[in-house]
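Peer 1: Produce the entire structure from the sequences given, and follow the hints as far as they go.
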Amino acid sequence: MQVIRLEKRPQPSQVWTWATPLLAVLATMIAGGILFAILGKDPFEAIRTIFWDPLFGEFSSYSRPQLLVKAGPLILIAVGLSLGFRAGIWNIGAEGQYIMGAICAAAVALAAYPSESVLIFPAMIVAGALGGLFWAMIPAFLRVRFGTNEILVSLMLVYVAENILAYMALGPLRNPEGMGFPGSRNLSQYPAAANLELLPGTGMHWGVVAALVAVIFGYILLSRHILGFQIRLAGQSPRAAAFSGVNPARLILICLGAAGALAGLAGMFEVAGPAGRISIDFNVGYGFTAIIVAFLGRLHPAGILLAGLLMALTYIGGELAQLTLGLPTAAIQLFQGMLLFFLLAVDVLTNYRIRFARREAA
Amino acid sequence: MDLSAISPTLLLAALMVAATPIMLAAIGELVVERAGVLNLGVEGMMITGAICGFIVAVNTGSATLGFVGAAVGGAVLSLLFGVLTQYLLSNQVATGLALTLFGIGLASLLGQGYVGVRAPSVPKIDIPVLSDIPVLGPILFQHDPVVYLGLALVVAVWLFLRRARAGLVLRAVGENHEAAHALGYKVIRIRLMAIAFGGACAGLGGAYLSLVRVPQWTEGVTAGAGWIALAIVVFASWRPGRLLVGAYLFGGITVLQLNLQAARVQIPVEVLSMSPYIVTIVALVALSARKGRGSSAPGSLGQSFHASR
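Chains as they are written, first to last, in the working numbering: chain A, 1 to 362; chain B, 1 to 309.
Careful: at least some of the hints might be erroneous.
Stated by the list, open to error - Short derived list, chain A residues pointing at chain B, Cβ under 8 Å:
(1) 144
(2) 149
(3) 333
(4) 338
(5) 347
(6) 350
(7) 354
Just so you know, the hints here were simulated from the structure itself, not pulled from any lab data.
By construction, the Cβ of each residue, glycine as well, lies at the ideal position given by its N, Cα and C atoms.
Peer 2: Shown next, in the form of structure tokens:
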């Protein structure tokens with residue numbers, strides 16, 4: 001009788017490390033196609049609408065710039081998250097840090113309104129990063145000081161941040177000229193605070209620039225800096241890290257702090273540009289999707305760059321499929337969840353070798 | 001502001017109802033974690049249970065069948081997590097997160113035609129004689145059967161872990177899977193059963209939200225209840241008795257803040273709505289600060305098991 005056995009590899013396979021994400025995308029396309037067929041859509045047309053049409057289809061001049069607009073915040077947040085995930089520090093509250101960064105940045109801009117000072121935009125950047133940093137420091141401090149589980153605290157704080165967002169949109173930050181409607185002034189129409197397209201028709205804004213800078217810094221940090229080495233060591237072998245003098249508390253503060261600051265920045269660029277204003281439904285789940293992006297990119301900055309673009313494509317393609325094929329939005333959400341599932345499933349090939357062996361007589 | 005409108009009796013009765021979904025999900029997760037598996041997908045399984053239960057209840061007209069459907073839906077989804085973590089040895093934290101993201105997407109897809117639909121009501125049972133006791137009667141003995149099912153499950157799990165041989169085996173698997181394997185116990189099979197039980201309980205908890213608490217289907221109906229259930233397991237130090245305390249504490253805060261909102265207290269609604277989450281954080285901090293060195297978490301919690309021979 002043939003049985004399948006898993007044999008642990010002495011080293012994770014280099015080939016499979018990069019082949020598994022591709023395999024996972026392929027598997028998701030097949031499973032997604034079956035899902036779309038069940039929903040009564042032509043699977044080939046649906047897959048083409050999601051992955052091909054946004055880039056090369058008839059509406060591509062509109063949808064192509066959206067790729068960078070959506071990928072920017074995803075990449076920015078995912079690079080920050082990947083540092084912690086590598087070290088075994090699980091910050092899953094990036095959505096809350098994103099919201100707090102946006103609120104702080106918008107508050108600075110609205111306090112200065114209608115000044116035309118060139119210092120407003122830089123001040124917003126600082127405020128956004130600090131807002132996210134502060135929100136991430138809560139779970140970090142509680143973990144370091146009391147040993148409280150950072151997964152649960154950071155997640156609970158998302159719900160707290162959503163309530164603060166609602167309070168701000170209806171209260172202190174509400175547009176005084178908005179005739180009582182909830183939501184703040186539109187920052188993208190306030191030149192000193194607006195985060196506009198840098199090159200017309202590309203979707204390139206300062207948030208995308210920041211994301212690229214974060215990718216480069218992340219790469220240098222992980223591959224060339226002692227801190228990056230400590231992060232990788234702490235994740236692979238906490239005991240070895242302790243013996244080599246890694247201070248776990250410092251690592252927790254740095255990893256959560258960096259993730260929070262980057263998520264806050266992403267919120268700042270979003271509120272000053274594509275979203276434009278603080279409103280009750282400002283956050284659309286980038287902080288959670290970034291978790292998928294981080295894993296799909298193998299927690300490696302270059303991989304995250306590609307994964308962020310791919311995930312942005314599924315967002316835009318999903319919207320397009322909703323318009324042209326009537327595919328429900330939830331189907332895309334499910335599609336993204338499936339991608340992470342398949343990735344985790346095929347990941348077994350990276351760390352284990354599959355052996356077909358004859359069962360030995362007992 | 002009119003605090004006198006809040007009746008303590010009704011408040012306590014509502015507390016029992018508010019605590020039930022969290023209690024159901026938490027008792028399931030407690031068993032899963034005692035078997036050494038950390039399933040962070042409770043939120044996803046709960047919301048899937050909520051919609052599965054709702055669909056079955058609406059189409060069959062029976063709330064009881066709805067709860068059965070919810071348990072099955074939750075268990076099936078949890079087995080996806082089981083296969084990935086137990087056979088394909090994926091990281092449990094990441095897989096649990098994936099389960100939540102997947103479950104939320106699945107639930108909103110399944111629930112498309114069910115927004116605004118009315119579900120069959122769940123009858124309350126008045127326990128004869130006992131329900132006529134003044135004060136205590138309305139608080140304890142005039143609820144729907146699921147409230148008592150939740151309590152019964154907590155007692156059953158307590159007895160199982162403490163008194164049953166199978167419970168001892170399950171704890172052994174959770175404390176040290178290598179040793180349990182060496183003794184000949186089927187680590188993976190036991191864990192899969194625990195995971196399925198956890199999924200079924202989370203499904204029941206979700207269906208309680210969509211069929212009794214709310215009672216209708218809206219997207220995001222669970223609103224973090226699954227995560228609070230996870231927090232309550234930690235708060236309870238993995239013991240069923242304390243889990244009851246945690247669930248009632250949380251239920252009490254939820255009910256109190258809703259009553260304060262209705263009484264138009266001079267506190268912003270948003271501050272009241274965020275209070276259950278803040279209280280959960282404070283409870284977690286208080287517990288971890290007090291615990292000090294000796295952690296009561298199961299020894300093999302969150303680790304993959306791969307039998308090399």
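Peer 1: All hints, please: hold or fail.
Peer 2: Cross-check of the supplied hints:
Hint status for residue 144(A): violated, given a least beta-carbon distance of 11 Å to chain B, over 8 Å. Hint status for residue 149(A): holds, given a least beta-carbon distance of 6 Å to chain B, under 8 Å. Annotation: residue 333(A) was flagged as interfacial toward chain B, and the flag holds, the nearest CB pair being 3 Å apart, inside 8 Å. Because the closest C-beta pair between residue 338(A) and chain B is about 7 Å apart, less than 8 Å, the hint holds.
Look at residue 347(A): its Cβ gets to within about 6 Å of chain B, closer than 8 Å, so that hint holds up. At about 11 Å, the closest approach between the beta carbon of residue 350(A) and any beta carbon in chain B exceeds 8 Å, and the interface hint on this residue is violated. Proximity of residue 354(A) to chain B is violated relative to the hint, the smallest CB-CB distance being about 11 Å (cut-off 8 Å).
The structure does not agree with the numbered hints 1, 6, 7 stated previously, though it agrees with the rest.
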